[in-house]
Amino acid sequence: RVNIYFKDKDIILSFQDNGPGINQQNISDLFKAFYTTKTKGTGLGLAICKSLATKLSGNIQYVPNDKGAQFLLILPYENSSH
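For the sequence shown, the working numbering assigns the number 1 to the initial residue and increments by one for each residue that follows.
Treat each hint with caution, since some may be false.
[What the hints assert, rightly or not] Listed next, the in silico SDA-like pairs over lysine to any residue satisfying Cα-Cα at most 20 Å (straight line):
id, residue 1, residue 2
1, Lys32, Lys67
2, Lys32, Gln70
3, Lys38, Ala69
4, Lys55, Asn18
5, Lys38, Asn18
6, Lys50, Asp17
7, Lys55, Glu78
8, Lys32, Asn59
9, Lys9, Leu52
10, Lys9, Gln61
11, Lys32, Leu56
12, Lys38, Leu56
13, Lys50, Ile11
14, Lys9, Lys40
15, Lys32, Asn18
16, Lys50, Asp66
17, Lys38, Asp17
18, Lys67, Lys9
19, Lys9, Ala53
20, Lys9, Lys55
21, Lys7, Lys67
22, Lys55, Lys38
23, Lys9, Tyr77
24, Lys32, Lys7
25, Lys55, Gly19
26, Lys40, Asn59
[Claimed, not checked] Across the chosen pairs, the derived CB separations fall in these ranges:
id, residue 1, residue 2, range
27, Thr37, Phe6, 31 to 41 Å
28, Lys55, Asp8, 16 to 26 Å
29, Thr39, Asp8, 20 to 30 Å
30, Lys40, Glu78, 16 to 26 Å
The set of hints was computed from the structure by calculation and includes no laboratory data. Yeah, the Cβ is synthetic: ideal placement off N, Cα and C, and Gly gets one too.
Kindly generate the complete structure, drawing on both the sequences and the hints.
This is the structure:
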């Protein structure tokens with residue numbers, strides 16, 4: 001599920017799946033380059049997302065959730081119409 005909303009001067013994109021979620025022991029390493037729990041993964045996906053979000057003066061974060069994995073992509077957005 002993808003939701004988009006505005007908060008203060010940010011646009012927030014919420015991405016949530018309904019899978020098993022992320023083990024507590026893996027959370028601190030999620031955004032590290034080359035970290036993966038998959039047998040065929042490169043471990044670059046979330047590291048690249050974090051790098052791009054930072055370059056856009058934003059952030060990406062994992063939100064603990066009992067209904068799958070959820071990530072928030074937070075980017076600055078200034079528009080007087082929202």
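So, going through the hints one by one against the coordinates:
With a CA separation close to 24 Å, the supplied pair Lys32 and Lys67 exceeds the 20 Å bound. With a C-alpha separation of about 17 Å, the suggested pairing of Lys32 with Gln70 holds against the 20 Å cut-off. For the proposed pair Lys38 and Ala69, the alpha carbon gap of about 15 Å is at most 20 Å, so the pair holds. Pair hint Lys55 plus Asn18 does not hold up; C-alpha atoms about 29 Å apart against a cutoff of 20 Å.
Between Lys38 and Asn18 the alpha-carbon distance is near 18 Å, which keeps this suggested pair within the 20 Å criterion. For a cut-off of 20 Å, the pair hint linking Lys50 to Asp17 stands: about 19 Å separates their Cα positions. Taken as a hint, the Lys55 and Glu78 pair is honoured in the structure, with Cα atoms around 17 Å apart against an allowance of 20 Å. As the CA atoms of Lys32 and Asn59 are separated by approximately 14 Å, the hinted pair is consistent with the 20 Å bound.
Between Lys9 and Leu52, the direct Cα distance comes to roughly 19 Å. Compliance with the 20 Å bound is thereby established for this hinted pair. Pair hint Lys9 plus Gln61 holds up; C-alpha atoms about 17 Å apart against a cutoff of 20 Å. Pair hint Lys32 plus Leu56 holds up; C-alpha atoms about 19 Å apart against a cutoff of 20 Å. Restraint check for Lys38 and Leu56: the C-alpha separation of about 28 Å exceeds 20 Å, so the hint is violated.
Under the criterion of a C-alpha separation no larger than 20 Å, the hint pairing Lys50 with Ile11 is consistent with the structure, at around 16 Å. Proximity of Lys9 to Lys40 is assessed by CA-CA distance (about 39 Å); at most 20 Å being required, the pair is judged violated. A C-alpha spacing of about 23 Å is found between Lys32 and Asn18, which places the hinted pair above 20 Å, so the restraint is violated. Of the supplied pair hints, the one linking Lys50 and Asp66 is violated, its CA atoms being roughly 23 Å apart against a limit of 20 Å.
Straight-line distance between C-alpha atoms of Lys38 and Asp17 comes to about 17 Å, which keeps the hinted pair within the 20 Å bound. At most 20 Å may separate the alpha-carbon atoms for a hinted pair to count; Lys67 and Lys9 exceed this at roughly 28 Å. The suggested pairing of Lys9 with Ala53 holds, with an alpha-carbon distance near 15 Å, which does not exceed 20 Å. Simply put, Lys9 and Lys55 have alpha-carbon atoms about 17 Å apart, close enough for the 20 Å limit, and the pair holds.
At most 20 Å may separate the alpha-carbon atoms for a hinted pair to count; Lys7 and Lys67 exceed this at roughly 23 Å. Restraint check for Lys55 and Lys38: not satisfied, since their Cα atoms lie roughly 27 Å apart, outside the 20 Å limit. Of the supplied pair hints, the one linking Lys9 and Tyr77 holds, its CA atoms being roughly 5 Å apart against a limit of 20 Å. A C-alpha spacing of about 27 Å is found between Lys32 and Lys7, which places the hinted pair above 20 Å, so the restraint is violated.
Between Lys55 and Gly19 the CA atoms are separated by roughly 29 Å; this puts the pair beyond 20 Å, and the hint is violated. Distance hint between Lys40 and Asn59 is unfulfilled; the C-alpha atoms sit about 27 Å from each other, more than 20 Å. For Thr37 paired with Phe6, a C-beta distance near 33 Å keeps the hint of 31 to 41 Å intact. Checked against the hint of 16 to 26 Å, the C-beta distance between Lys55 and Asp8 comes to roughly 21 Å, which is consistent with it.
As the Cβ distance of Thr39 to Asp8 is approximately 41 Å, the hint placing it in 20 to 30 Å is violated. Checking the proposed 16 to 26 Å range against Lys40 and Glu78 shows it is violated: the Cβ atoms sit about 41 Å from each other.
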